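Enquirer: Residue-level listing of the chains:
Protein chains: 2
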Amino acid sequence: MKIDFERAVELLKEKNNFLVLTHANPDGDTIGGGLALVYALRKAGKRARLINNDEIPQKYSYLFENLQEDDFCEEFIVSVDVAEKKLLGSELTEKYGDKVDLAIDHHSSSKLFAKETYTETDSASACEVVYLLIKAMGVEINKDIANCLFTGCSTDTGCFKYANVTARTHLIAAELISAGAENGKINAKMFDSKTKSSIMLEKMCLNRLKFFADGKVALITVTKEMFEETGAVKSDLDIIKPLTRQIEGVKIGVTIKYEGNAIGVSIRSNEDYDASEICKHFGGGGHIRAAGCEFREPIEEVEKKVISYILENVI
Amino acid sequence: MKIDFERAVELLKEKNNFLVLTHANPDGDTIGGGLALVYALRKAGKRARLINNDEIPQKYSYLFENLQEDDFCEEFIVSVDVAEKKLLGSELTEKYGDKVDLAIDHHSSSKLFAKETYTETDSASACEVVYLLIKAMGVEINKDIANCLFTGCSTDTGCFKYANVTARTHLIAAELISAGAENGKINAKMFDSKTKSSIMLEKMCLNRLKFFADGKVALITVTKEMFEETGAVKSDLDIIKPLTRQIEGVKIGVTIKYEGNAIGVSIRSNEDYDASEICKHFGGGGHIRAAGCEFREPIEEVEKKVISYILENVI
Numbered sequence: 000m001k002i003d004f005e006r007a008v009e010l011l012k013e014k015n016n017f018l019v020l021t022h023a024n025p026d027g028d029t030i031g032g033g034l035a036l037v038y039a040l041r042k043a044g045k046r047a048r049l050i051n052n053d054e055i056p057q058k059y060s061y062l063f064e065n066l067q068e069d070d071f072c073e074e075f076i077v078s079v080d081v082a083e084k085k086l087l088g089s090e091l092t093e094k095y096g097d098k099v100d101l102a103i104d105h106h107s108s109s110k111l112f113a114k115e116t117y118t119e120t121d122s123a124s125a126c127e128v129v130y131l132l133i134k135a136m137g138v139e140i141n142k143d144i145a146n147c148l149f150t151g152c153s154t155d156t157g158c159f160k161y162a163n164v165t166a167r168t169h170l171i172a173a174e175l176i177s178a179g180a181e182n183g184k185i186n187a188k189m190f191d192s193k194t195k196s197s198i199m200l201e202k203m204c205l206n207r208l209k210f211f212a213d214g215k216v217a218l219i220t221v222t223k224e225m226f227e228e229t230g231a232v233k234s235d236l237d238i239i240k241p242l243t244r245q246i247e248g249v250k251i252g253v254t255i256k257y258e259g260n261a262i263g264v265s266i267r268s269n270e271d272y273d274a275s276e277i278c279k280h281f282g283g284g285g286h287i288r289a290a291g292c293e294f295r296e297p298i299e300e301v302e303k304k305v306i307s308y309i310l311e312n313v314i
Numbered sequence: 000m001k002i003d004f005e006r007a008v009e010l011l012k013e014k015n016n017f018l019v020l021t022h023a024n025p026d027g028d029t030i031g032g033g034l035a036l037v038y039a040l041r042k043a044g045k046r047a048r049l050i051n052n053d054e055i056p057q058k059y060s061y062l063f064e065n066l067q068e069d070d071f072c073e074e075f076i077v078s079v080d081v082a083e084k085k086l087l088g089s090e091l092t093e094k095y096g097d098k099v100d101l102a103i104d105h106h107s108s109s110k111l112f113a114k115e116t117y118t119e120t121d122s123a124s125a126c127e128v129v130y131l132l133i134k135a136m137g138v139e140i141n142k143d144i145a146n147c148l149f150t151g152c153s154t155d156t157g158c159f160k161y162a163n164v165t166a167r168t169h170l171i172a173a174e175l176i177s178a179g180a181e182n183g184k185i186n187a188k189m190f191d192s193k194t195k196s197s198i199m200l201e202k203m204c205l206n207r208l209k210f211f212a213d214g215k216v217a218l219i220t221v222t223k224e225m226f227e228e229t230g231a232v233k234s235d236l237d238i239i240k241p242l243t244r245q246i247e248g249v250k251i252g253v254t255i256k257y258e259g260n261a262i263g264v265s266i267r268s269n270e271d272y273d274a275s276e277i278c279k280h281f282g283g284g285g286h287i288r289a290a291g292c293e294f295r296e297p298i299e300e301v302e303k304k305v306i307s308y309i310l311e312n313v314i
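Chains A and B supply the protein sequences, listed in that same order. Numbering that gives the first Met the number 0 puts the last residue of the first sequence at 314; the count rises by one with no breaks. Numbering that gives the first Met the number 0 puts the last residue of the second sequence at 314; the count rises by one with no breaks.
Just so you know, the hints here were simulated from the structure itself, not pulled from any lab data. A couple of the hints might just be wrong.
For chains that are exact copies, the list does not tell them apart, and a pair is met inside one copy or across any two.
Said to hold, decoys possible - Straight-line C-alpha distance at most 27 angstroms; calculated DSSO-like pairs for lysine-lysine:
no.	residue 1	residue 2
1	K188	K240
2	K184	K215
3	K58	K209
4	K134	K240
5	K45	K223
6	K58	K215
7	K84	K14
8	K195	K215
9	K14	K142
10	K58	K250
11	K195	K184
12	K202	K250
13	K98	K84
14	K188	K94
15	K85	K233
16	K195	K58
17	K202	K303
18	K1	K45
19	K1	K209
20	K209	K240
21	K303	K233
Just so it is clear, the structure is predicted and the values come from calculations on it, not from any experiment.
All chains, please: the whole structure from these sequences, using the hints.
Expert: Written out as structure tokens, the structure is:
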């Protein structure tokens, strides 16, 4: 059931012993939003802890420096930035998939899997929504909370670059910086910190870039061998995914990548095309300009399927 | 002579028939700030026009769509984002170098070459300063002005990424968006629009990347032949210049590039090093984290000189 802002604030103020869940393959928005909520709930005198299906990438470790462990029996389960049950990841889906009390989200593809869902689809990040909720709870934003929320606001918008950024996004960024967010350091870590492996991976991807439909569709495929050869890790793909869309004339950018037990597909689109619609066709979802889906078949097959579908039905 | 904010506003309000000058090799900040000032002065019932030593790169043409030509005899000369006389470019330096009445700037290397200079060295862009001046003149920011100022605020900060971005920068961005700035479109044009030639150039640069001092110094050299082979143009270098600093462990990133009649050197630094100090040694200048200098000798010689100086005296 969808609920309004007041009801979401009421739940956060009334309940206690919170378990906060992020989505699988956690990014800056789900981690930043989830952890900010934990810090804020504790500041409001409650108990709260964060759990994730997958390991938190090393680059986000600065957010956890001041986090004290706490173990208690959970009473109220909140998810942040999770559009549907299965995106919690296999373990968390099994354990908590049907038990989420409140989902805080901003995806247009949100499946309302929780008992109550507060979603703002015109919000550039889940962290923007969490910011408003924390303020409405009457909790003062301290440096820890500010760093968490700034990380999500910045990473989910390509550092304030994407078209979903509104005046409100910038106002919130300003308030977070005033509250102590280390914007320069965070952005340098998130956007200007390429490992040598990721630079090698990028070089390889540029060498293997393919175009279709008169350059309107661009494809990068990242195979298992490319990871092995460069020593790059999964989070290095964050730099690769936006690459295709950045090329002049490209309307739909497709990145297909080896992800261990599955093949992940990231689609980025420009203006006239809806990435989330394309991904929905393959059982995925996301935002209008950035979406994803998953396959369990050989990477060459996935390439053929996705590209043929786009060429025949979309472009 | 340095003047205060009130005096700068007074000059803009009192004078008429403005000639506004940008710096040579114009970027988004000098163009956006200069043109915003022209639009604002005209809105205040004055005559004003912009002139540049070098051609405006095509990618900024959207800012000029609503600009009417105006020819009149100039009475008051203002420069925007110009730190010293020679940066006006050879022709403009000769013609106006000693005649600038008011310099509006934000460089720490500002040489106070104008009769009066208003400079805010802690401002992330010249456009931030121009925004405050326009507001104080009592001119309402319309869409044209907002697009110009947003372009400068965004391009001079790597899309709000760099450490010089303050809460004020984001507040101004929020106000500009509210006043009609097309942030999504502008950022896509500035940061997500790589030509195929520039992608080829990037690939080549990554292939030729060199490291010194245990990876603390990175060097990219862009030769005449690389431009010829890829068909890339000068403004494609905007994507290349930040590359070196983005690599993990790199403290000083050096990009040396063929620029027709000169060899340009761009230095980007992290935390502990001052790029502007290094460039000053070679007669250049700029900001603490991003600066430049120029040579007129073979590119291999420039490489040797700059790298030896850094290895022996800086790192």
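Enquirer: Does each hint hold? Answer for all of them.
Expert: Hint check results:
1. K188 <-> K240: both (17 angstroms within a copy, 18 angstroms between copies)
2. K184 <-> K215: So K184 and K215 pass the 27 angstroms test across copies only (18 angstroms; inside, 36 angstroms).
3. K58 <-> K209: Between copies only: 25 angstroms across, 30 angstroms inside.
4. K134 <-> K240: neither (33 angstroms within a copy, 40 angstroms between copies)
5. K45 <-> K223: Neither: 45 angstroms inside a chain and 64 angstroms across chains, both beyond 27 angstroms.
6. K58 <-> K215: between (33 angstroms within a copy, 20 angstroms between copies)
7. K84 <-> K14: within (22 angstroms within a copy, 65 angstroms between copies)
8. K195 <-> K215: Answer is between: at 12 angstroms across copies they meet the 27 angstroms cutoff, but 30 angstroms inside does not.
9. K14 <-> K142: Within. Shortest intra-copy distance 24 angstroms satisfies the 27 angstroms Cα cut-off; inter-copy 46 angstroms does not.
10. K58 <-> K250: between (31 angstroms within a copy, 18 angstroms between copies)
11. K195 <-> K184: Close inside one copy (20 angstroms), not across copies (32 angstroms); limit 27 angstroms.
12. K202 <-> K250: Cα proximity of K202 and K250: in one copy and across copies (22 angstroms, 21 angstroms).
13. K98 <-> K84: within (10 angstroms within a copy, 68 angstroms between copies)
14. K188 <-> K94: Cα proximity of K188 and K94: none, with 33 angstroms in one copy and 45 angstroms across.
15. K85 <-> K233: within (20 angstroms within a copy, 48 angstroms between copies)
16. K195 <-> K58: within (15 angstroms within a copy, 31 angstroms between copies)
17. K202 <-> K303: For K202 and K303, both the intra-copy (23 angstroms) and inter-copy (26 angstroms) Cα distances are at most 27 angstroms.
18. K1 <-> K45: within (25 angstroms within a copy, 54 angstroms between copies)
19. K1 <-> K209: For K1 and K209, neither the intra-copy (42 angstroms) nor the inter-copy (55 angstroms) Cα distance is at most 27 angstroms.
20. K209 <-> K240: both (14 angstroms within a copy, 25 angstroms between copies)
21. K303 <-> K233: Within one copy only: 23 angstroms inside, 37 angstroms across.
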